[in-house]
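Colleague: Starting from the structure of chain A, add chain B with the ligands where the hints point.
Note that the protein sequences, when read in sequence, are chains A and B.
For the first sequence, the positions run 1 to 430 when my numbering is used.
For the second sequence, the positions run 1 to 460 when my numbering is used.
Since the hints were made in silico from the structure, they are not lab data.
Any given hint might turn out to be false.
Claimed, not checked - Using 27 angstroms as the maximum straight-line C-alpha spacing, the simulated BS3-like pairs for lysine-lysine come out as follows: (1) K410/B with K87/A; (2) K266/B with K87/A; (3) K117/B with K390/A; (4) K212/B with K156/B; (5) K308/B with K318/B; (6) K276/A with K294/B; (7) K71/A with K117/B; (8) K337/A with K266/B; (9) K337/A with K318/B; (10) K354/B with K232/B; (11) K87/A with K334/B; (12) K124/B with K87/A; (13) K253/A with K295/A; (14) K71/A with K87/A; (15) K294/B with K348/B; (16) K8/B with K56/A; (17) K301/B with K334/B; (18) K84/B with K301/B; (19) K161/B with K429/B; (20) K178/B with K96/B; (21) K354/B with K63/A; (22) K56/A with K386/B; (23) K212/B with K6/A; (24) K390/A with K124/B; (25) K6/A with K386/B; (26) K314/A with K276/A; (27) K300/B with K244/B; (28) K425/B with K348/B; (29) K295/A with K187/A.
For reference, the chains in residue letters:
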Amino acid sequence: MADLHKLAQMLQELDDQMVACMKCGMCQAVCPVFAESLNEADVTRGKIALLENLAKEMIADAKGVQEKLNKCLLCGSCAANCPSGVKIMDIFLKARIIVNTYMGLSPVKKVILKGMLTRPALFNSLVSVAARFQGVFSTPVNEIIGSSCSQWLSPVIGDRHFLGLAKEPLHSAVPSLDSAPGASGLKVAFFPGCVVDKMFPRVGHAVLKVMAHHGVGVYLPAGQSCCGIPALSSGDRDSYEKLVAANARLFAKGRFDALVTPCATCTATIKELWPKFVDGFDATTKAQVLAMSEKAMDVNQFLVDKVGVTAVDKPTGGTRVTVHDPCHLAKSLGVRKQPRTLLGANRDYELVEMAEADRCCGCGGSFNLAHYEVSRSIGRRKRDNIVASKADVVATGCPACMMQISDMLSQAGDRIAVRHPVEIYAETID
Amino acid sequence: MPSNALIKEFQAIVGKENVLESEADRHSYSYDSAVLDPVVPDLAVRPTTSEELGKVVRLCNENGLPVTPRGSGTNLSGGTIPSKGGIVLLTNALNKIVEINEEDLYAVVQPGVITAKFAAEVAKRGLFYPPDPGSQAVSTLGGNVAENAGGLRGLKYGVTKDYVMGVDFFDVNGELVKSGSRTVKCVTGLNLSALQVASEGTMGVFNEIILKLVPPPAANKAMMALFDNVDKASATVAAIIAAKIVPCTLELLDNVTINLVEDFTKAGLPRDAQAILLIEVDGHPGQVAEEAEKVVAICKKTGATEVKAAKDEAERNKLWEARRAALPALARAKPTTVLEDATVPRSKIPAMIKAINAIAKKYDLTIGTFGHAGDGNLHPTIMCDKRDKNEFHRVEQAVDEIFDVALSFKGTLSGEHGIGLAKAKWLEKETSAATIAYAKALKKAIDPKGILNPGKIIGG
Ligand SMILES: Cc1cc2nc3c(=O)[nH]c(=O)nc-3n(C[C@H](O)[C@H](O)[C@H](O)COP(=O)(O)OP(=O)(O)OC[C@H]3O[C@@H](n4cnc5c(N)ncnc54)[C@H](O)[C@@H]3O)c2cc1C
Ligand code: SF4
Ligand code: SF4
Ligand code: SF4
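Just chain B, with the same shape it has in the complex:
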């Protein structure tokens, strides 16, 4: 517990109302969206200006107090669980959009800006910010950068890192480090912005982020294809890309998911379909019409039992309804929902789904899989009850095995949810001992006391 004197110092920096010290308040910052045990912080502190943010970090370093930055706490890997105690540093009051530059196509934001609000502000000006994590209605841009969040549009438009032009962040001494620039091209100095992306709060505390904006596509067209086996669906994904068409979204739902969505929405999905692909192409109207036609033809050729194309916005919405319902449907099936994000090269999707189904059988679990087929990022979702110790132990074993398989296919531990506490022990398996040593040396140099979100990514 920090001393009263230290609490007073925090209060002097951010004001009394922004230092949350009651037991009830502290308990409500002990968890995030990951299914992990909570850890109660000593204090939660909420700066409302950049200056305060820097001072808070500095004060923590001076006192060797761990700092866990927290946006909205929606990460799925325990990145905001204050596992070593200390303070939870709330960034959600740093929520100003500093600038949206329509001439040079960039924006400058504070880290606590809500993703969807930002995207809407940008859209109002006729521009486009593509990264759209499923949590965008609540996630913060700081959290998105720190996790390198992706979304449904990853295949064509890339993920958060493809839009980060610069990050200004505080080092442990509370000094402001500038990186990147407002120009499209910039090779000045080390690429420190890139170091911050996916750093999960372990390498610095973001103060301002410069994000790239793009012009929005003029038209789009959505389609749904049904398959009686997963291999055919995967072959379709490959064939679409091989035909030099890059859809903006290419999503897959497996049979377990289809059935649960159908239970939940009664939308009329065929329960015996083994896979559904949801495909959307966007761009210039002429190109969209042509590509949509080609996609339909490819689906038919690769063995889709049925292909539906949306005629208007209402039908498009209806098609996407199934995808939007996937998580709610899975989440309602059982008390605990363990959402993973094992990612494999696209060509390995059928093998991965087969392996996941075998693992489900082996451990007697229900696993629904949906996700971003276009970029190989699958979300095997295990439906269980964490109170059932025996079952939850099987879940943990199954998760381990899912990672093993993903790695054996030259995939990765996490496509978008991050490493955090949850997967730190796996890192060496995907990388190497030297990778960890290098990262640790880097961390030691910039954060000698180890106060920045300790225990995350590289453990320790």
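Chain A on its own, in the form it takes in the complex:
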């Protein structure tokens, strides 16, 4: 059993940040997890109180606090709504590093994080083996969404309607690229992120098509690693640092104006979290990490703000599309308008807003694995809002949200397609 006194001392580091919480409770209004359980320990205020009490050694059950701390989507809704401006995400991530390092990772997480994620080559080959065999084990259930379910796998994944791994991941189809800037005079580094690479390569292809169309040069180096958020949010700082350092070294070799990602979570991680967790790097790596972080930009934002894509004047409509604002895009990065502008650039679509467009879909990365039932009921509310908008298509700039929303729509038997805004914009280019 962990030595509580030591754990408490480490947590005291966070005291300066935690004391800013005035316990007003306003975070209750926006926390999706609290809305499901109505338990104070599931909302920010409760978690901060627990960490404070653990730091003061008023609580003996560190494991109980660890569980409460991990039962959080890290969606940032509370931080965006906190009158006191408490740096909630910093507190939660640092606390997870301290508490989870101290208490140890769960065996499953250990295998995933330490055994697989930090070894991109092994990860890729495992995934490609899985992709080849998955057809044998699963049955397609919804061809519009492209989801399947699997009785064989149900002990592990429950009755999720998961999206199959792509037959050909992006890194196989396009191992690397280094093209010169064209008409735009711009060049981007392209960081597709794990989920786009392995599940939605079609989004990656759309990005490449759009960049080529606008004369934007692309640097896509082979051997990219994950952005590190699964490791960081599990409190596994070691794995996190390995992943970030590997990426930093790789991208330092290219020259580019912006580092573009089609994944809200990757962009938010690179832009906001990377600069905060650099203490462990040597000077060179640190500089590389910071340089990459500074250039990180969401692809919707890049296309609208830098390339100058605008909505068309008189759309003809036809296909009704609604937008889900990923937490990491809207709340962390403030990107709300650009995806809508991008959709508006395709005259065949008509934008219809859903209620609570920026309410979290409930995925939250590994939260979905650990707390599937909660994740599912949060997701159902998202699904209900999508359906109520009467849209034919839901567009969202985060592949993790795409997975979650696909699962929810598929389970309900809805015939609504899930796309990335870039895919819809790419349709305008022949």
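Modeller: Same frame as chain A, now just chain B with the ligands:
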């Protein structure tokens, strides 16, 4: 600690998942929004039906176990800190709007309904529920009634008590007591509903509340007036009322608040202004236009350096931005925010602000004051760091002195935040020994074992 057998009995009533007994869960019900020391309850119990609610209260009484009802725990006076242990009784799953009656203009709700959600449901039907505490996005209607919560619209529309037509509550034996009615007029029996309002969970546990609804105003107009001294701003408040205009909101921000809001929002507020008044009139469009014109004229006459009137909804929102930013701006300035609600007769506002500023100086503290100038309800907000023992001691002294001054102006200890644990020791000073004795006798008769939120309001 309750015995295992007792825990099993609670579980039998509300189900296992609604009895929270782990250390982590109990610790998260040890505090509320007041800056007071937490106390960990023995158990937190969450009934999901009226029947369960009654049974839980009864079981507690049988076992002499203190019961602290808790809505959202946003009260600022320690009303939900289980100071004598026992159970925290969670009302937030009792969150059904039972009825919204559009013909007779009332609604029936369970106590755990969130205030803002209720107001929105009512608005959807073209009606209006005016009480709007700053915490409405999370506060519960049960908590609002138990604290007699007020809001920005208090001046014209009154506070929660003006909308309570009836409260059905459980007594300590778990028997349902009915009071009030669905009629506008009702003089049947003792006014037990009124006894429940502001009782902070010490007189019964609410089961259902009947609330009055009103038609919404057809139009509104917002204005902002700047002043180079507080006296002029206060004189303006008096002059507006004297002109027989009752604005729906009349809010004041002092110089400290203005500067912090400006640091925070960069909205272009004049840093040297000593006071800002935010005024909104509402009602029939013709009347609104006429009153708005008069208000502007009064402000100019009483010495406002500038008066801005909102032309449309967007501008109106912009004006209110400053008020909405007041608490966040103050809360961000320092780690600990002590928000008080000393309330004085309107005419005493300049004297009160002067006194608060003198107290700030005397104890070397930063105090920003904003609040409901129209009804004399000010929020002197002390920005400090509770970890600094010396400073926090000065804060406590300053708070004592603020109450002293408010009482000397024939004001009151609390305009809206309640007495709870925080101000119980002050009660006699505002009232009398006989008042406390009367209240204690009443309490003893209805709650002989003293299980209902013990220690709150009248101490003990
Ligand atoms: C940022 C902020 C702004 C605020 N602004 C305002 C404001 O503008 N105006 C204002 O008046 N207050 C304000 N408050 C104070 C607070 O929000 C109100 O007192 C509110 O009414 C409390 O509601 P709650 O549901 O959180 O109740 P709680 O804090 O949970 O409980 C309050 C009291 O009600 C009792 N209670 C709860 N449910 C029941 C029940 N079913 N039966 C019997 N007793 C019960 C509790 O025991 C307790 O004594 C503010 C607080 C914050 C943090
Ligand atoms: S909203 Fe912010 S200050 Fe208020 S309780 Fe939540 S975290 Fe604390
Ligand atoms: S990050 Fe999201 S899930 Fe976690 S406490 Fe905040 S609002 Fe709730
Ligand atoms: S994947 Fe869902 S959970 Fe993650 S940021 Fe997107 S909206 Fe929130």
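Colleague: Hints the structure violates: just list their numbers, smallest first.
Modeller: Numbers 1, 6, 12, 16, 17, 18, 21, 23, 26 - these are the hints that the structure violates, sorted from lowest upward.
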